[in-house]
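Chains D and L, in that order, are what the protein sequence lines are. For my numbering, count along the first sequence from 1 and bump the result up by 6. For my numbering, count along the second sequence from 1 and bump the result up by 426.
It is possible that some hints are incorrect.
[To be verified] With a Cα cut of at most 25 Å, we get these calculated DMTMM-like pairs of lysine to aspartate or glutamate:
(1) L:K559 - L:E533
(2) L:K471 - L:D445
(3) L:K492 - D:D55
(4) L:K471 - D:E31
Because the hints were derived from the structure by calculation, they are not lab data.
If you want the building blocks of each chain, they are given just below.
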Amino acid sequence: MDTNDSDEFGSGSGEGDASTPLLEEYPDLILEKAMAIAFQSIGDPLWQDHDKQFEELLPDAIQHDISRSMPMAAPEKE
Amino acid sequence: MMTTAIALQRLKGAVLRDDLDDRYIDFLNEAIRHIATRHSFLQMKTAAAVTIHSGYRSVTLPALFKEFQNGRYPAVAALPAGDESGSGDSGSGDEESQPIPVYSRQEIRAPSPVVPSNPHLTFFQENGIWTLKYPSERRSIFR
């Protein structure tokens, strides 16, 4: 079963040293999107640059994830 | 290791707006939510057992549920032996486990709907709560 936002930080937890699996694995991807959201919220056109960067990083992250989720081939019998 | 504190520090350093200090955590969370909708990453996967007990027709799924794994058959039904339709009318008293298909409500209500086989389960979200439901009165138990 997949959980949608299991990585979400709880209120106030952001000031601690907690981490999450998604953040550990894809920090740049998450930060680019967070920057895009932050800049968009204040009407700064920089958000488009960060969103573009995010969209460029996402396929690699997905490919990396798919590659990792592929089962390893069983060793050939001698 | 990228911790929440480091991520927030980098985010603040890039945006440089002190008046947003209370919102950076929200931006980070929103980014994670967005990414989680774009792809189901390995880090999002977890296992949870839910049971529809005899006499009940539905069960609430965990709050962070997104989608099932194991293809069309993530559930197991304990059906009366010989009761392939799930009608509960075999009469022998014995039970046997069998995989049971699960369909989303959208699939069944789509303009070109999927025609579910019987027995089956449906799952849907209402008011933010995911529910797994057995669509008719049956005596089966799902795990």
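Hints, one by one, checked against the model:
At most 25 Å may separate the alpha-carbon atoms for a hinted pair to count; K559 of chain L and E533 of chain L meet this at roughly 14 Å. Taken as a hint, the K471 of chain L and D445 of chain L pair is broken in the structure, with Cα atoms around 36 Å apart against an allowance of 25 Å. With a C-alpha separation of about 30 Å, the suggested pairing of K492 of chain L with D55 of chain D is violated against the 25 Å cut-off. Annotation: proposed proximity of K471 of chain L to E31 of chain D holds, straight-line Cα distance about 14 Å (limit 25 Å).
Violated hints, in rising order: 2 and 3; the structure is consistent with all others.
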